[in-house]
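4 protein chains.
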Amino acid sequence: MIGGGQGAFIGAVHRIAAAIDQQVELVCGAFSSNPQTSLASGEELYLPPERSYASFTEMVEKEAQLPLGERMDFVAIVTPNHVHFPAAKAALEAGFHVLSDKPATLDHAEAIELKKIVDKSGLIYGLTHNYTGYPMVKQAKHIIAKGHIGKIRKIVVEYPQGWLATKLEDSDQKQAAWRTDPKRSGAAGCIGDIGTHAENLAEYITGLEIKELAADLTAFVDGRLLDDDGNILLRFNNGAKGILHASQIAVGEENNLNIRVWGETGGLEWHQNEPNTLLVKHLEQPTQIYRTGHGYLCEAATNATRTPPAHPEGYLEAFANIYLAFSSHIKDRLNGEEKDSYDYPSINDGIRGMAFIEATVASSKNNATWTTL
Amino acid sequence: MIGGGQGAFIGAVHRIAAAIDQQVELVCGAFSSNPQTSLASGEELYLPPERSYASFTEMVEKEAQLPLGERMDFVAIVTPNHVHFPAAKAALEAGFHVLSDKPATLDHAEAIELKKIVDKSGLIYGLTHNYTGYPMVKQAKHIIAKGHIGKIRKIVVEYPQGWLATKLEDSDQKQAAWRTDPKRSGAAGCIGDIGTHAENLAEYITGLEIKELAADLTAFVDGRLLDDDGNILLRFNNGAKGILHASQIAVGEENNLNIRVWGETGGLEWHQNEPNTLLVKHLEQPTQIYRTGHGYLCEAATNATRTPPAHPEGYLEAFANIYLAFSSHIKDRLNGEEKDSYDYPSINDGIRGMAFIEATVASSKNNATWTTL
Amino acid sequence: MIGGGQGAFIGAVHRIAAAIDQQVELVCGAFSSNPQTSLASGEELYLPPERSYASFTEMVEKEAQLPLGERMDFVAIVTPNHVHFPAAKAALEAGFHVLSDKPATLDHAEAIELKKIVDKSGLIYGLTHNYTGYPMVKQAKHIIAKGHIGKIRKIVVEYPQGWLATKLEDSDQKQAAWRTDPKRSGAAGCIGDIGTHAENLAEYITGLEIKELAADLTAFVDGRLLDDDGNILLRFNNGAKGILHASQIAVGEENNLNIRVWGETGGLEWHQNEPNTLLVKHLEQPTQIYRTGHGYLCEAATNATRTPPAHPEGYLEAFANIYLAFSSHIKDRLNGEEKDSYDYPSINDGIRGMAFIEATVASSKNNATWTTL
Amino acid sequence: MIGGGQGAFIGAVHRIAAAIDQQVELVCGAFSSNPQTSLASGEELYLPPERSYASFTEMVEKEAQLPLGERMDFVAIVTPNHVHFPAAKAALEAGFHVLSDKPATLDHAEAIELKKIVDKSGLIYGLTHNYTGYPMVKQAKHIIAKGHIGKIRKIVVEYPQGWLATKLEDSDQKQAAWRTDPKRSGAAGCIGDIGTHAENLAEYITGLEIKELAADLTAFVDGRLLDDDGNILLRFNNGAKGILHASQIAVGEENNLNIRVWGETGGLEWHQNEPNTLLVKHLEQPTQIYRTGHGYLCEAATNATRTPPAHPEGYLEAFANIYLAFSSHIKDRLNGEEKDSYDYPSINDGIRGMAFIEATVASSKNNATWTTL
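Quick mapping for you: the protein sequence lines, in order, are chains A, B, C and D.
Per the working numbering, numbering of the first sequence is gapless, rising by one per residue and ending at 373.
Per the working numbering, numbering of the second sequence is gapless, rising by one per residue and ending at 373.
Per the working numbering, numbering of the third sequence is gapless, rising by one per residue and ending at 373.
Per the working numbering, numbering of the fourth sequence is gapless, rising by one per residue and ending at 373.
Certain hints may be false.
Stated by the list, open to error - Here are the computed distance ranges between Cβ atoms for each label pair:
id : chain 1 : residue 1 : chain 2 : residue 2 : range
1  : D       : Q285      : C       : G223      : 55 to 61 Å
2  : B       : P49       : C       : T372      : 56 to 62 Å
3  : D       : P67       : A       : P35       : 46 to 52 Å
4  : B       : P308      : D       : K365      : 42 to 48 Å
5  : B       : Y46       : C       : G336      : 16 to 22 Å
6  : B       : P308      : D       : E113      : 53 to 59 Å
7  : D       : I289      : A       : Q173      : 22 to 28 Å
8  : A       : E44       : D       : K365      : 54 to 60 Å
Claimed, not checked - Simulated crosslink set (EDC-like; lysine to aspartate or glutamate; CA at most 16 Å straight-line):
id : chain 1 : residue 1 : chain 2 : residue 2
9  : C       : K331      : B       : E284
10 : D       : K151      : C       : D222
11 : D       : K331      : D       : D21
12 : A       : K167      : A       : D119
13 : B       : K331      : C       : D222
14 : A       : K89       : A       : D119
15 : D       : K89       : D       : D107
16 : C       : K167      : D       : E264
17 : B       : K167      : A       : E284
18 : A       : K167      : B       : E284
I should point out that these hints are in silico values taken from the structure, not numbers from a laboratory.
For each residue, glycine too, the CB sits at the ideal point set by N, CA and C.
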């Protein structure tokens, strides 16, 4: 693991997600750019001191020298955004598979470059767009793929949060600090941090691509360096239209990633906040409440669930589903049983995300002119 | 009453709204452009045949000849849009107050003209933007006016319906026919029919005005002459940003006018579908569920309710609140007790609505260029 | 109208319910046992002074002397409970149809007696168990009658309110005063006031009868003379089991009449609080959300609705449905077109309600012994 | 681990719950009464064959011979009910702490006996009444303990499920088979399996004890040997009244453990189905929506959460909270830092549960006579 030392948020999430299905074991880490913090973090995680490294370069180098079967199988990257690319590059070039937090890189050019590195390496690269790990998201994708709601016409995806409604970055809040800092977060704030999740979710569920967009980004909090709110018109490659809006200044909102999709003969609605429910709408019949865990769900949804209906699984289990699919890929390759495809986000999703960020920022600078991805 | 004969929708709604509080009595009507239909409609409504008129011109003329106290007090206009202006003009010029269905007129120029006529007449003119009649909408307006959620930053108002997802206008559906016909409906379809309600609701609740907008309208159903879907970016006169989207092709949606408003210190959320609930959000405290009928509500909300909490009042009662405020105005004037203001939409709301439609259509024709209202 | 003068609650509800469909006109009243109040109330309601009577005996006597076509068609009784019987008796014996607020009488013996009077008179008697007027309640009844959820096994009906959580009857609250007074309310408080609505709803929807019950009633508020809370086990005549609980001390609850029914192959769930939704549950398929106003509903539900889906109709419209069915019955009889049955509660419902109250009180006095209705 | 081999349900849940916080490692198991199954199960769990035992007696014996630090620290019992007591007894007598699935034993006498064994051993015993592990359940307990809703008056706790609506035990469904078998499940079916969870939840949240109850149990499915539905009146030791109903034949219900509590000045409502929300009700103020993860929650709720608001945690995390508290107790004892109390269910909860089952069954046999716990 690279990053995720004391005081971090997403590192702990990754460790739980890895632990849930008992298929992945944490064996080493470079948990912080500060060697002392890295060592202390490793101790808390019951690691032997020699496998808590002072830097990711040291880690990939030393681990590569360990015998097969003893060294780590893959690297999880859970740092602020600006480290994603160099860490992934180092790991891949040292021969390790990579599972990276999103966004894949700091900018679009890096993402293109990273894809070349991945392709060249022949190694496995995954990206934790974790919201696609939910069973009902997979069910939604299935329903659309089967044509059950007809040709898609309209998509509304939204992601309001409220935690940055005040200037939290001026306090001692580590998360707020780096996420509002262009050097560590990238060209966008809110749109990079959570807008990309919304973009990825919309494209994952519908199988469509955003063709062009018109964006109006705002930094509402005085003195903030990056956008904390964005409203975006979307046009998709099949002629569908849509809206994506995201915010981190929407007071009272928690983490409300929501999506509604309407096709010619039906509609879908899903709220991350209540993730085990999927509303399925019809032309002239009652709306149906699909729920996690039932026998009527598709295989992908069923495989992404561990318990019966209304034993609610949530964010951590959805995240674990990414780990499970990714680690299955590694395991299958080790066993010579690799399948054609695995259900976790790839470097291509990473490139789409970075293209989305760049187009959004560019459009907004041009007063919401339509901009192609 | 002008319009609202057999087979019409909104006329019956107006009659119920007028009846609920037992302050208004239907005394005459020109219910249809077909004299026979008008007469038959009047009979069903227990009117004497001599007061079911063949046309609105006949009605205003003949009623004006009746003695005071016997003739109608005001005219309710419930026709398709293209008749709103001529009917209102005729009534006002004959000396009758007017309560008109929305939109006020067929286009913006007519609305400006109508305001001049209203002003010149000195008579009372109301517009049934009925959704502002809900108690919790009034409570939302109160909370914002009192500054309880701080300066407004973001507004998301949406109005998805699904009833025009197929080409209903080709069947024998009267409502679908005129609402998708530019001659009778105006320059916009969905945006004129329901988008204006969303616009009016947002401005009513927040007290702000939309300054400019960027709109992407679509007619998804093949061969449809007017938009059946619209996605719009908004900028308000105080610097707030927003989104308005409306649709009539959102399969499975009924009549889901929803609004969310976020200010610097709080937020509000209201759904017309469950109109007696208002969510009030705070920076670091639990969200509160405000409910119709409680002692903690503002005076305007309290006055707009007839029953205790959870004796749910709905669409018809909200509509009746417009009638009640409008008829109180007339009564107070008759009694020489006119107040400074009454809580029903006026010709100014009508002008805003027509400006909104024109700006939206113009922006969309210019590929969503920002357009000033 | 008998009762319903200034300061009353249910009288105003009846007047609105009667007005909504414009089929019933208020022509006279004995609005209060105080002649001055009756007169003043009549004036507010635009009645001529000679038709605001000093007592219900005066009213039925004088109205009976008016010519047919001029005198009232029926009497609406909206007094406290102890007046229901004598008022109904007087009206029926003077030849007037009666629509009475519930419960039908003060005790079970009176109800039996009243049925005899009704039968003897040949007149029409209705009882405003208004919650059966909701479209989705009618849909629920239809689904069960059609066998769509199989033989009924379990029924949970509940009615928590919170408005009597403190000793409101000691303040100047007229409603609280008579409803907690055995002389005016009858043998039960909460169970008589709202428990009977729950009983009636369960029997109406399922078509079953409560055979026996075991009840535990409590007066939680110190010094209160009647129960303000009750928990009851139910056994139905088909072998189904159930629970009925009602409360007026459930702080924070408004008027939450809820019912769930489970049969061998499906289930139903309805909440008065959100009355336009009915959940329909199935053995191995997603739950469906039935909603008012759609084409897939049964005829009785459709007839009980005035507007399209999500133009929410509520308590007053449901109440109006009782008035509409009752007044249609009168009209049809006048026109010689009487049908076999009409969908409004009858004196038999009144008798069931009084039997329920007596059994509940008796069971509770015997420490929740099973007691037959 | 004792039990939880291939095809079991709750064993896998325990393993995930243990893994989530990375404080507990599975080191050995007697996963099945069939030695082959036990061995195969252990292999799937990456255990060395020598630590997959053929029986729990073998396991406790052999593990006790391993050196400290190498042998297991505690035993998790996840078998059908009839094995809980002998397994716990064997483990405790061999010197191992025990964490047992509920109910603690097969009957009340065993539970009393088990408490003696626990007390004598001086070892740590925990019981996985997992629903008390939810953060909002802890918040509810806190609010009541602080007196924020006043003296408790009424409690309604319910647990409808639908999975046994048909005779599933006749198919090849292992869970259905043992849970409907008196020999393996105990004297009650539904009431033992899930009624005890409801009982435990009510007592945990309120701090009250059920003093007596009147129960009506039914086996609705023909030929079923144990109750699949129960309706129970409750009286608590402080004078509060209540209702507990549970069902496994409520078609369409998943796992809907719900509780509502009303005190003199407020109320609480929690649904396991949407576990991160707690409704807090007040006498004359809007209801509040408490949500997991916020700064305004009590310490116990905060400690039971891993992620920010609306990163929904669910059933597995709540279960993990029991494991975390239990394993902290062991760790603290090992470190000589034992605290006065730990927040996980104990043998006393186990005894209450068995007393509840016995009283319920006895009451029901006596036609719902009041029966003391």
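For each hint, the structure was consulted:
1. For the pair Q285(D) and G223(C), the supplied restraint of 55 to 61 Å is violated, since their beta-carbon distance comes to about 26 Å.
2. In this structure the supplied range 56 to 62 Å holds for P49(B) paired with T372(C), their Cβ-Cβ distance being about 60 Å.
3. Our hint of 46 to 52 Å for P67(D) and P35(A) is violated, since their Cβ atoms are close to 35 Å apart.
4. At roughly 44 Å, the beta-carbon separation of P308(B) and K365(D) lies within the given 42 to 48 Å, and the hint holds.
5. Distance hint check: the CB atoms of Y46(B) and G336(C) are about 20 Å apart, consistent with the given range 16 to 22 Å.
6. About 56 Å separates the C-beta atoms of P308(B) and E113(D), a value consistent with the hinted range of 53 to 59 Å.
7. At roughly 24 Å, the beta-carbon separation of I289(D) and Q173(A) lies within the given 22 to 28 Å, and the hint holds.
8. Restraint check, E44(A) to K365(D): a C-beta distance of roughly 55 Å satisfies the suggested window 54 to 60 Å.
9. For the given pair, K331(C) sits about 60 Å from E284(B) by alpha-carbon distance, which is inconsistent with the 16 Å threshold.
10. Proximity of K151(D) to D222(C) is assessed by CA-CA distance (about 13 Å); at most 16 Å being required, the pair is judged to hold.
11. For the hint pairing K331(D) with D21(D), the CA-to-CA distance comes to about 14 Å; that is within 16 Å, so the pair holds.
12. For the proposed pair K167(A) and D119(A), the alpha carbon gap of about 41 Å is over 16 Å, so the pair is violated.
13. This hinted pair does not check out: K331(B) and D222(C) have alpha carbons roughly 48 Å apart, beyond 16 Å.
14. Between K89(A) and D119(A), the direct Cα distance comes to roughly 12 Å. Compliance with the 16 Å bound is thereby established for this hinted pair.
15. A hinted pair counts as satisfied when its Cα atoms are at most 16 Å apart, and K89(D) with D107(D) qualifies at roughly 14 Å.
16. Simply put, K167(C) and E264(D) have alpha-carbon atoms about 11 Å apart, close enough for the 16 Å limit, and the pair holds.
17. For the hint pairing K167(B) with E284(A), the CA-to-CA distance comes to about 14 Å; that is within 16 Å, so the pair holds.
18. Restraint check: the Cα-Cα separation between K167(A) and E284(B) comes to about 14 Å, which is no more than 16 Å; the hinted pair holds.
The structure does not agree with the numbered hints 1, 3, 9, 12, 13 stated previously, though it agrees with the rest.
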